[in-house]
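Residues per chain, in single letters:
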Amino acid sequence: MYSEKVMEHFTNPRNVGEIADADAIGQVGNPKCGDIMKMYFKIENDVIVDVKFKTFGCGSAIASSSMATELIKGKTIDEALALSNRAVADALDGLPPVKMHCSVLAEEAIKSAMFDFAQRHQREFEGLKGYQPPTGDEDHHDHGEEE
Amino acid sequence: MNVYLDYSATTPVKPEVLEAMMPFLTQQYGNPSSLHRFGRESRKAVDVARDQIAKTLNASPDEIFFTGGGSEADNWAIKGTAYALQSKGRHIITTAIEHHAVLHACEYLEKEGFQVTYLPVDESGLISLEDLKNAIKSDTILISVMYANNEIGTIQPIEEIGRIAREHRVLFHTDAVQTYGHLVMDTKQLPVDMISISAHKLYGPKGVGALYLRKGVRIHNLIHGGGQEKKKRAGTENIAGIVGFGKAAELAYTDVEAHDQRLTALRDNLKNRLMETIPYTRLNGHPERRLCNNVNLSFEFIEGESMLLSLDMVGIGASSGSACTSGSLDPSHVLLAIGLSHEIAHGSLRLTLGDMTTQEEIDYVVEQLPPIVQRLRDMSPLYEQVKEGNR
Chain A
1 MYSEKVMEHF
11 TNPRNVGEIA
21 DADAIGQVGN
31 PKCGDIMKMY
41 FKIENDVIVD
51 VKFKTFGCGS
61 AIASSSMATE
71 LIKGKTIDEA
81 LALSNRAVAD
91 ALDGLPPVKM
101 HCSVLAEEAI
111 KSAMFDFAQR
121 HQREFEGLKG
131 YQPPTGDEDH
141 HDHGEEE
Chain B
1 MNVYLDYSAT
11 TPVKPEVLEA
21 MMPFLTQQYG
31 NPSSLHRFGR
41 ESRKAVDVAR
51 DQIAKTLNAS
61 PDEIFFTGGG
71 SEADNWAIKG
81 TAYALQSKGR
91 HIITTAIEHH
101 AVLHACEYLE
111 KEGFQVTYLP
121 VDESGLISLE
131 DLKNAIKSDT
141 ILISVMYANN
151 EIGTIQPIEE
161 IGRIAREHRV
171 LFHTDAVQTY
181 GHLVMDTKQL
191 PVDMISISAH
201 KLYGPKGVGA
211 LYLRKGVRIH
221 NLIHGGGQEK
231 KKRAGTENIA
241 GIVGFGKAAE
251 LAYTDVEAHD
261 QRLTALRDNL
271 KNRLMETIPY
281 TRLNGHPERR
291 LCNNVNLSFE
301 FIEGESMLLS
311 LDMVGIGASS
321 GSACTSGSLD
331 PSHVLLAIGL
341 SHEIAHGSLR
351 LTLGDMTTQE
361 EIDYVVEQLP
371 PIVQRLRDMS
381 PLYEQVKEGN
391 R
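Protein chains in written order, with full-length UniProt numbering: chain A, 1 to 147; chain B, 1 to 391.
In short, the hints are calculated from the structure, not lab data.
Watch out, some of these pointers could steer you wrong.
With a straight-line Cα cutoff of 25 Å, these simulated SDA-like cross-link-like pairs (lysine to any residue) come out [stated by the list, open to error]: (1) B:K387 - A:R14; (2) B:K79 - B:G89; (3) A:K32 - B:E300; (4) B:K271 - B:M313; (5) A:K42 - B:D378; (6) A:K32 - B:S341; (7) A:K52 - A:R86; (8) B:K206 - A:M1; (9) B:K44 - B:S33; (10) A:K52 - B:G389; (11) B:K137 - B:E160.
Construct all of the structure, not just a fragment, from the sequences and the given hints.
Next comes the structure, spelled out in structure tokens:
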């Protein structure tokens with residue numbers, strides 16, 4: 001059901017861990033849905049010099065976290081904010097339809113962290129216009145019902 | 001090493017069973033409804049299988065009706081009773097932890113104007129007999145309680161439930177798909193009116209099951225057509241499947257006590273060693289009243305599907321009650337019904353043992369699983385609080 005790329009990132013996820021003195025932290029999802037993503041960022045001159053993640057979730061949630069962090073490492077904040085969930089899924093050679101919400105979570109974890117950074121430094125970014133921080137009980141699932 | 005520990009999902013067909021089936025796929029192809037010798041051979045084979053199954057239940061052969069599987073038997077018992085007795089009443093009692101074949105049949109009947117009470121279960125998965133008594137009303141026509149649960153293995157007090165049903169003159173159906181082949185079910189002792197069973201859970205073929213229907217119990221048909229199964233279940237018989245079912249049932253009940261003892265020992269060995277090795281683990285289901293082949297554990301801070309993927313990579317086949325493995329939004333209704341929080345339910349793992357399971361396989365799982373759980377925990381943000389010493 002998963003692409004080789006997903007399995008590869010699930011087996012050998014990149015950027016797992018925490019950053020003790022992170023410049024920004026983003027966390028999305030909730031245990032009720034079965035997935036939580038937490039991302040830690042080190043940012044210098046608006047460039048993401050390091051990023052780590054911790055994820056509670058299924059194989060595609062872990063692979064999406066790994067791929068998303070790979071895609072934004074070394075990029076500017078504006079570039080990271082432009083990353084879409086579709087781009088994460090495409091980079092993984094696709095996700096099953098019921099697992100697309102995992103890539104949405106990855107995109108939102110990045111946005112949530114960048115919002116945290118903007119708040120800490122009283123900054124504004126084009127990609128955060130109209131951004132509402134998650135309240136914790138959103139439902140990103142589109143699993144489709146049985147029958 | 002390949003280790004299959006998902007025997008509650010399905011089992012392989014035993015060689016003796018396949019051998020019994022083979023002639024009916026090739027040389028002996030007659031339709032049992034035909035008058036000629038070809039048909040008569042097949043008729044005889046179906047009769048033998050019916051006898052074999054009747055014996056295991058201490059029932060009469062004319063109380064056994066073959067179906068296309070356990071789900072059909074469940075649907076037939078529930079809808080057939082509902083439609084037969086709807087002038088008497090339209091209330092059905094079942095439990096919150098039934099298989100979907102029962103639950104969804106009941107939900108369908110609710111849309112048709114029936115009322116259904118779903119009895120809750122305690123943290124071990126048992127219903128309360130008091131709850132059952134209180135739920136019975138003057139218009140209750142059916143009680144349907146599964147013998148043992150497919151996910152957590154909890155065995156219900158079927159005899160006591162049956163006695164209550166008798167006292168109130170309510171028909172009693174039990175879904176024994178997971179129990180058949182593990183426990184002795186004597187229909188002369190058990191006050192049960194209908195029992196659903198299935199072949200592929202006890203080393204028979206898929207696509208064949210049966211409904212035990214106590215003599216004198218009249219329910220409506222589900223499958224209309226020809227006069228097969230004493231005009232109760234239409235359709236040309238699945239001869240090879242039925243023959244395989246009969247043989248598998250006979251084998252399963254040749255020495256069911258030895259089977260139970262062997263699997264119970266392996267099960268407890270697996271369960272105890274995993275619980276000793278892996279911290280923050282809980283056993284789901286009843287500690288004693290459980291199927292001899294069922295281990296269901298929740299590992300905190302991790303999600304089941306990622307565990308199944310990791311186990312699959314080292315050759316171990318298991319299952320989980322996590323939402324991500326079922327394709328639905330919520331984790332297993334059974335795990336939620338026993339009071340697990342969503343996150344604990346998401347981290348469940350079901351390992352079900354069978355006749356081919358060896359001590360060597362158990363040792364392999366005990367060796368492979370702890371590092372998998374640890375790797376996923378090290379990746380989990382929920383585990384951070386533990387490492388920080390807050391738990």
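Quick rundown of the hints versus the structure:
1. B:K387 - A:R14: holds (21 Å)
2. B:K79 - B:G89: With Cα atoms ~13 Å apart, K79 (chain B) and G89 (chain B) stay inside 25 Å; holds.
3. A:K32 - B:E300: holds (13 Å)
4. B:K271 - B:M313: holds (21 Å)
5. A:K42 - B:D378: holds (21 Å)
6. A:K32 - B:S341: holds (8 Å)
7. A:K52 - A:R86: Given pair K52 (chain A), R86 (chain A) holds - Cα atoms ~21 Å apart, limit 25 Å.
8. B:K206 - A:M1: holds (24 Å)
9. B:K44 - B:S33: holds (11 Å)
10. A:K52 - B:G389: Given that 25 Å is the threshold and the Cα spacing comes to 22 Å, the pair holds.
11. B:K137 - B:E160: holds (18 Å)
Figure legend: structure checked against the earlier numbered hints; every hint is met.
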